[in-house]
Structures are given as C-alpha cells and as structure tokens.
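The listed protein sequences derive, respectively, from chains W and E.
Be aware that the first sequence starts at 126, since it is given in the numbering used here, and climbs by one per residue.
Be aware that the second sequence starts at 126, since it is given in the numbering used here, and climbs by one per residue.
Keep in mind that the hints are not guaranteed to be accurate.
One copy or two, either will do: identical chains are not told apart, so a pair holds if it fits within one copy or between any two.
[Claimed, not checked] Below are the SDA-like pairs computed for lysine to any residue, each with C-alpha atoms no more than 25 Å apart in a straight line:
1) 258 x 193
2) 151 x 264
3) 302 x 292
4) 136 x 330
5) 285 x 327
6) 202 x 240
7) 160 x 398
8) 302 x 383
9) 152 x 238
10) 258 x 126
These are calculated hints, taken from the structure and not from any lab test.
Protein chains: 2
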Amino acid sequence: MTREELIEQIKIKKSFLCVGLDSDIKKIPTHLLRKEDPIFEFNKAIIASTKAYAVAYKPNIAFYESRGSEGMESLRKTLEVIPKECFTIADAKRGDIGNTANMYAKAFFDKSSSGFDFDSITVAPYMGADSVKPFLEFEKKWAIVLGLTSNPGSIDFQQKELTNSKRLFEEVASTVKTWGTDSNLMFVVGATRGVDIAAVRKQVPNHFFLVPGVGSQGGSLSEVVEFGMNKDCGLLVNSSRGIIYASADVDFAERAGQEAQKLQLQMHDHLKTNKII
Amino acid sequence: MTREELIEQIKIKKSFLCVGLDSDIKKIPTHLLRKEDPIFEFNKAIIASTKAYAVAYKPNIAFYESRGSEGMESLRKTLEVIPKECFTIADAKRGDIGNTANMYAKAFFDKSSSGFDFDSITVAPYMGADSVKPFLEFEKKWAIVLGLTSNPGSIDFQQKELTNSKRLFEEVASTVKTWGTDSNLMFVVGATRGVDIAAVRKQVPNHFFLVPGVGSQGGSLSEVVEFGMNKDCGLLVNSSRGIIYASADVDFAERAGQEAQKLQLQMHDHLKTNKII
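So that you can see chain W by itself, here it is in the shape it has in the complex (with noise of 0.2 Å):
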C-alpha cells in the first residue's frame, strides 16, 4: 500500500486505528475451541467487527509462530479475510545482515515464496543499514524501525545517551531516515511519554508512527495526538488486548467492535481538530 492510499484510507475512515491481532489460544473464549481453526475464526470475528473502525491490523507473528506450522496456517487465513483497503503489519521485529535480511522480507512480503503478503513488517535497528535496507526494495512495502517502544525495558539501551547528545532512540530515528524515505519507512514509538514522542517528531517530521501502548499500556490518546501527529496525521494507533479481549463470551467480537469504535469516535474528533479531514 503506498503512503497516498494510506492516507486516503484515514480520511475515509476517520480513524487511524490499528487493531493489534496478539490472538492467544489460552484467552480466546472457550466456545472457539471446539473449531477446527479457534485462531482464525477468532480473527475473522474480530475483523469482521471491526473492519468499519479499523485502518491497519497488526497480527504479532509470535502467537502464531509459537504453535508451529499451524499456527502459520491460521496466519494465512487470517490475512485472507483482512479488507483489502486495510494495512497490515507483521509485528515480527526482525533484524539481521543483509542476506538473511532478504529471507525475511520474502518470508512476510513474498507470497509466492511463503504464502504471506503484508503490506509492512516491524524490524529492530540494532544490526545497522544492511538488516533494514533489503525491506526497502519491494515495491509499495513498508519497514517499520523501533525507534522508541513502551515497554519498562525501553530504558535499559533505547534511552541511553550518546556522546554526541542525542540517546539512542533519537539517534536511531535520525539515522534510519537516511536510508529510505517516509514512503516506505515508519517507526514505532511508544505512547508512555509525549516528551519522547515529540523528540522522535522532531528528527522525523513527516514519516508515520505505529504507536503501541495506549489502553492496556497506559499511554493516553490526547497526547500521542498532541506530540505525535503531522499534517497527514502521521499516527497508526495500536490497541490490542483492549479490543481483542473486551469480552471472552459469545459477545467477544460485538464487544471488540463496539471498543474499536469508541476509539475510532476519538480519533475522529482529532482529526477534525487537526484539520485533517
């Protein structure tokens, strides 16, 4: 999906949430289990739900990759019956040299070779150039860097500060950008902080930000908005267990559809406020 169709997409739908698709066997109701697939009618439930609020759906690879090749079977149904209007990232947070680089690209951009087609894929930075710049190469594909995440670890090496003034995180933002352009490089920046948010806006004003953390992680919606959007609105919104695990009854995917649309009604106001649509 490119950077215009995205954009159109958020104007369109009013919102720019992204539902997060951490699908736990051990949290989905029980009544899904007598399926042959609980995962994927889990996720076409909950997509079905919340496709009307949603502009991205974030599967995070681990849940699946977890229960093995069948768990990468219910991966791929689930893309099937993702909106094709919808952008979808692969929560992988890969990172490594260049050649194994490109493996990976293939294996989540490349349906030919592994039966997935995502539109984008999360990647660590730490190996440098050469394990982000063979994500650049396909057409219409994005990589998403950590440049800053929500997690009590973000302080251990992400906010450490280098000799040059800026901390990692900033540094990362700063150097990555070089490599790509904000038609195919976003980054992820955790809504625990607006102080953060803003410095990593400051070294990438226009490129788009998937923000994990607000809802369960405590990260507040205002001031992701108030530090975090641009002029395109910039901000791909990540809610997952909020939403996904509103309920664990029958109701679960009402439920899911009806707290995705709570934040899309937020979103909307900020949108209009921001003179965006």
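Since the structure of chain W is provided, determine the placement of chain E on it from the hints.
Only chain E this time, still in chain W's reference frame:
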C-alpha cells in the same frame, strides 16, 4: 544443555565449531531438487558428514521461514537428525516485550507447543530486560544476545559511544550479564576485529561467545582465539557458507566434512596451546 555438558563436548570432540545451516534452495546441489524435501535432505547429509567435527548446529531461521510451513517442516525434521550431544541454536534474533518474548521462547524451546526443542536462541537487545529475561526462565536453555555483530551495519549503532564512555555493544554486554548467568546467557561477538572481541571479553570474562564471521566474512580464527578464548574455551565459532557450500556437486557432503575437519584441526591446536585439553 548445561554449560558443563557443552564444555565436555568441546573437550571430547576437540572442537568449538558450530556449523551454520543457512540452507538456501537456490544454492543447494541441483540433484537434490528431485527429492521430496530437498532442504532436509541437504541438511541431513551435511550433518552426517560434519557431526564428528562440530559441537553445535545453527539453523538460520529466516531461510526456513521464507518457505512458509513447508520450510518450518524441513526445520523440524532437521532438528531430529542433529545428534543429541550437539548444542542447537535457533538463529532467529528475536526481541519483543515480555508476553511476546514468552511466546517466542515457547516457539523455539517448548516442543509440546511448536514442535521445536532448541537449546538456545539468538536474541536482539534493543528492547531491554523484559525482552531477554523470558528466555532465561527455561531450564538448560540459553539466550544468545547480540553484542557486536560482524556485518558492515554494526558501525551504525553498536559502535556508537555513550556518555559513560562505553560503546553501545560494551554497554549491552555489561548490562545484559546482570540479567542471567554464564550458564544461560551467551553473546554474539563478530570476528572482524580482535580489539573489539577483547573489549567484550573485558565486560564478560566467563560467558561463551558465539562468533560468526570466520571464513567467508573475513575473520581470522587465530585472532578470535587470541582475544576471545577463556579458561573454559568460551567460544563457539560458526562457519556457514564455507562449509555447507564447499561444493555444489554430488560430493557436497564429503567436501563439507573436509572443510569442517580443517577447522576442527586448527581448533584442536588452539585448545591444546591454551591447555584446555
């Protein structure tokens, strides 16, 4: 596998060789393509011809993942033919927050969940403590954390100097070691510069290093030993392409065995010189 068992194997085989199974359908001998599972047949033959010289095997997960569920099935069968006394490394470079890291640990360590039962997995440190610790909770299993990699991109962030005057890769070693022990943590340390290997060794005197980059990536075994070996050996030196692609003809396994033996003989000498055997 425990640290003691690994050291015992190094002494028995007089080797600290790890064979990297970066098995690429486009590079394996063409006569294998007629088989039902060419990648598995290739790996099986390579393992049979090198197992006398190798203490560890390291499948590069990207090469399997890129072939979808078929590739993961080749990987599962490969693991079954690796002798039980060999240390197995899932070269996956995973890194994600707590509950997701847990899922990745299951994906590679918990046979009942995913079908895989590796001894260890390579892990990226960028997301900090909660992305590494979940891998340390499995008995006799290891996390092998990226310290200094051997690719050109290692200069982009790993080599950056922090205000505490450590470079990032030194900070990673000195911080990560506090999260576990030398019996469940190793570090990836590239073979490209002896002084850098020495710098990591200074931070973690007792831990094992997994050393890529000897052979086709230009690193020297003597230099690795000079700057990286400790009293228990403390090294697993990996060679992938130099061994597995020694020949692209029907003699590929025989030639792989010869290349592995060449390295083993040099390792024998180093172990003797350093009074480990």
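Output the indices of the hints that this structure fails to meet, ascending. 7 and 8
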